[in-house]
Structures are given as structure tokens and as C-alpha cells.
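Chemist: Every letter in the sequence shown is one number past the one before it in UniProt numbering, and letter 82, counting from 1, is 82.
Derived by calculation from the structure, the hints in this document are not laboratory data.
Be aware that one or more of the hints could be misleading.
No farther apart than 27 Å at their CA atoms in a straight line, the calculated lysine-lysine pairs in the DSSO-like style are these [said to hold, decoys possible]:
hint: 1; residue 1: Lys7; residue 2: Lys112
hint: 2; residue 1: Lys112; residue 2: Lys129
hint: 3; residue 1: Lys7; residue 2: Lys136
hint: 4; residue 1: Lys112; residue 2: Lys128
hint: 5; residue 1: Lys84; residue 2: Lys61
hint: 6; residue 1: Lys90; residue 2: Lys31
hint: 7; residue 1: Lys189; residue 2: Lys139
hint: 8; residue 1: Lys112; residue 2: Lys84
hint: 9; residue 1: Lys112; residue 2: Lys90
hint: 10; residue 1: Lys112; residue 2: Lys136
hint: 11; residue 1: Lys61; residue 2: Lys112
hint: 12; residue 1: Lys129; residue 2: Lys31
hint: 13; residue 1: Lys129; residue 2: Lys189
hint: 14; residue 1: Lys90; residue 2: Lys128
hint: 15; residue 1: Lys189; residue 2: Lys136
hint: 16; residue 1: Lys7; residue 2: Lys139
hint: 17; residue 1: Lys189; residue 2: Lys128
hint: 18; residue 1: Lys61; residue 2: Lys7
hint: 19; residue 1: Lys129; residue 2: Lys90
hint: 20; residue 1: Lys129; residue 2: Lys139
hint: 21; residue 1: Lys139; residue 2: Lys128
hint: 22; residue 1: Lys112; residue 2: Lys31
hint: 23; residue 1: Lys31; residue 2: Lys61
hint: 24; residue 1: Lys31; residue 2: Lys84
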Amino acid sequence: MPSIPIKTADELARQRRAGALLASVFDMLDKHIQPGITTMEINNLAEAFIVNQLHSRPASKGQYDYPFVLNTSVNEVVCHGMPKETEHLKSGAIVNVDITLEKDGLIADSSKMYLIGDVSPLARRLVKKTYEAMWKGIKVVRPGATLGDIGHAIQSYVESNGYSVVREYCGHGVGQEMHEEPQVLHYGKPGEAPCCERAWFLPSNRWSTRAIAGQKSRRMAGPW
1 MPSIPIKTAD ELARQRRAGA LLASVFDMLD KHIQPGITTM EINNLAEAFI VNQLHSRPAS
61 KGQYDYPFVL NTSVNEVVCH GMPKETEHLK SGAIVNVDIT LEKDGLIADS SKMYLIGDVS
121 PLARRLVKKT YEAMWKGIKV VRPGATLGDI GHAIQSYVES NGYSVVREYC GHGVGQEMHE
181 EPQVLHYGKP GEAPCCERAW FLPSNRWSTR AIAGQKSRRM AGPW
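Using the sequences plus the hints, can you model the full thing?
Modeler: Written out as C-alpha cells, the structure reads:
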């Protein structure tokens, strides 16, 4: 396995600060994300807030030539959806907003699911159980735990609730770079520490990944 960067106390403090700032971006967006807003308006709100209010850098913009500051993945889009001027959020939609922020050389990376207007019980349950699966994985993290322990905690909870994990994507480390070791799979066996990330179906744009038709309510891309 490639080596996992070990951060100094100062780096950890700066990264916590970046994380707190990123949390404030979502607090701001909470007031605006509602039926009728476009995903590009969400992008523009986040960029203005990060740059002008937080005096930070939106780390996604320019990374891998990506032109926006966040990803907006609506309904069947599993991850990496691109904001659009013409994409209005409709009541009943679920959308994941994924943002990175860099402050003083350290990057924070997080996402949040939003339920737009009157959301079906099926979609609401998917979001709820995915969130709970994330916490199952987080609670396993401690000195001596393996990546397999984390993946197993997520996978076993997901499958016990009638869902399946999207295996083609994984979590990752973050620090001075947006993507660092380790790669954290959302499935596995206790004690194992696999390290792999595979590509999946990409539609017409090079960023968005969509679920197979009919999979919106049964597959988790996450855990959150």
C-alpha cells in the first residue's frame, strides 16, 4: 500500500480550521437551496462566499481542469455532477452538493445531501440510511483499525437495510492535495486493507456518473 501522509499538529490544526470554514459554506447554502434554484446559482453562491467572505480558495476549481467550485449530483447522478444554468431543482428531488476549500495550504472536502420540497418516502429513506451508514464507518475509525474494518461497517449496515454499495468509488485522504492516500472503500472484510479505485460508466460529459436506470432508490454512493 502507498504510504499514508502523517500530518503534524500544526497541519491538523489548519485542516480543522479549513473544515470549520467549509461547514460554514453549507450553513450559508442551507438558506438558499430550495425548489426553483439552479445548480449554477448554488455554484456561484458558494464561490462568492468562499472567496469574498472566507478569504479562502475553492480547491475544486481548476483541479483536473474542472471549471466549477462544486459538484451537484441530482437524483440518479451518483457523483461528480456538474452545475448548469438550465438545471432548476424541482420539488421531490434529492441533490448532493460536494465542495472543497483550501485555507493556509490545507484542504477540506465534504458534501451534503439536500431534500428539495416534498420528497418521496423512498428517497427520504435512502438519504437517511446513507447518512447512518457514514456514521457506522466513522465510529470504527481509531488507532489500529484497518480500512477493511471501515468498509465492512458501512457495507454490512447498507446491505442489512436492503441496499447495495456503489463499489466503483471510494473515500480518500485529504490534506495538501485534494486526493491523498488512503483510498477508503465502502465495502470489505474486517482486518483487510484493500487499496483500489476503479472507473465506471461516464456519460456525455467527463465528470458526471449516473446510476443504472431504476437504481435511484437502491444503490448508495457514499456514504454521504
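Chemist: Each hint needs a verdict: does it hold in this structure or not?
Modeler: The hints, checked one at a time:
no.	hint	in the structure
1	Lys7 with Lys112	holds, 26 Å
2	Lys112 with Lys129	holds, 14 Å
3	Lys7 with Lys136	holds, 25 Å
4	Lys112 with Lys128	holds, 12 Å
5	Lys84 with Lys61	holds, 15 Å
6	Lys90 with Lys31	holds, 16 Å
7	Lys189 with Lys139	holds, 16 Å
8	Lys112 with Lys84	holds, 18 Å
9	Lys112 with Lys90	holds, 17 Å
10	Lys112 with Lys136	holds, 17 Å
11	Lys61 with Lys112	holds, 18 Å
12	Lys129 with Lys31	holds, 24 Å
13	Lys129 with Lys189	holds, 21 Å
14	Lys90 with Lys128	holds, 20 Å
15	Lys189 with Lys136	holds, 14 Å
16	Lys7 with Lys139	holds, 21 Å
17	Lys189 with Lys128	holds, 24 Å
18	Lys61 with Lys7	holds, 24 Å
19	Lys129 with Lys90	holds, 22 Å
20	Lys129 with Lys139	holds, 15 Å
21	Lys139 with Lys128	holds, 17 Å
22	Lys112 with Lys31	holds, 14 Å
23	Lys31 with Lys61	holds, 23 Å
24	Lys31 with Lys84	holds, 20 Å
Consistency note: the structure conflicts with none of the earlier hints.
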